Structure formats: structure tokens, C-alpha cells
Amino acid sequence: MRPKQVAAIAFGSNLDSAAGDRAANLIHAVEQLRTLGEVLAVSRLYDTAPVGYLDQPRFLNGAALLETDLEPLALLERLLAIEQAMGRNRANTVEKGPRVIDLDLILYGSLILQTNILTLPHPAMRERRFVLEPLAEIAPEMIDPVTGSSAKELLLALGT
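If you want our numbering, it's the 1-based position in the sequence shown plus 48.
These are calculated hints, taken from the structure and not from any lab test.
What you are looking at is a predicted structure, and each value in this text was computed from that prediction instead of being measured.
Backbone N, C-alpha and C fix where the C-beta goes; we use that ideal spot for every residue, glycine too.
Please note that the accuracy of each hint is not assured.
Straight-line C-alpha distance at most 35 Å; calculated DSBU-like pairs for lysine-lysine [what the hints assert, rightly or not]:
1. K200 with K52
2. K52 with K144
3. K144 with K200
Computed beta-carbon distance windows for the label pairs [unchecked claim]:
4. R138 with A72: 26 to 36 Å
5. K52 with E189: 31 to 41 Å
6. Y101 with D69: 19 to 29 Å
7. K200 with L159: 26 to 36 Å
8. G135 with R106: 15 to 25 Å
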């Protein structure tokens, strides 16, 4: 059996769904994460402006730490299945557009990986305050294996 790893998962929502409003979507998503391993920590929720595609509602964002024995690609597949079950259709949406739920695998232990469908650490993690702020809240010393910097250091490097 594969040793358990701690994965950092960033999540966000800016649309209502059958589960309720943005916050209800995120609470439901975290409950679904519990089926994939042990949720060790969950950040508070951050109200953030959209990035990229701006003509959409504000987001609620957060992060969770998940201890899991799933391989990274299997974990990604399960995260995408949760999104789909919650009503997200990645194929028919505007890139970086409105969404019921977004679950991004940000870090998986100290693994560095690049495949056609998954890059670890997440390639845009270092530029995204809406990812680093909640991650630094729950895991300030978690290390980006590419830069050797902690989540807290990466957040401080973004400035204000």
C-alpha cells in the first residue's frame, strides 16, 4: 500500500447550485473530500475578485489539507468527479469563468510532476493570492518543492 501523502487542495465557487450559495458549495465540496482521505485542516473562506475573466460574480476561495493514499492522478480524477457531480461542466464553460465549484490540486507532498493533465506544484500557485492566503493560513510552513519557499514566504513575496 502506498504511504499516505498530504495534498493541498485549493477550492472556489462563485455560483449558486442545488447545494445552495457559494459557501454551501464549498462546505459540500469539503465533505466530499472526506471520502478521499482525512481532511487535516480547512481554511476560512476568502471573498475574492475574479482573475482573468472579469465579467462574473466574486468568488469564495479556501484551501484544505488532505491526507490520502491516492496517487496524484487518481486524486485529480476524483476531484474532477466531485466537480462534475456538483454540476460543473469544464468542457462547455469560459476559461476562468463562473463555476459552481473548482477543486485544484496545488501540492502533493514534495512531489514535482509534469504530465499532459497534471503539473505539480500547480504552475500558477505562486502568483495567486486567492490560493496562497488560505494555504498559508492552514499550512504556513508547507514547502513548494520547486522554489524551496514556504507557503507563508510565497504569500509575503506577492506583497500587498
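Here is how each hint holds up against the structure:
1. K200 with K52: The given pair, whose Cα atoms are some 24 Å apart, holds under the 35 Å limit.
2. K52 with K144: 31 Å, holds
3. K144 with K200: 25 Å, holds
4. R138 with A72: 26 to 36 Å: Distance hint for R138, A72 is violated at roughly 21 Å.
5. K52 with E189: 31 to 41 Å: 19 Å, violated
6. Y101 with D69: 19 to 29 Å: Between Y101 and D69, where Cβ atoms are some 21 Å apart, the hint holds.
7. K200 with L159: 26 to 36 Å: 20 Å, violated
8. G135 with R106: 15 to 25 Å: 19 Å, holds
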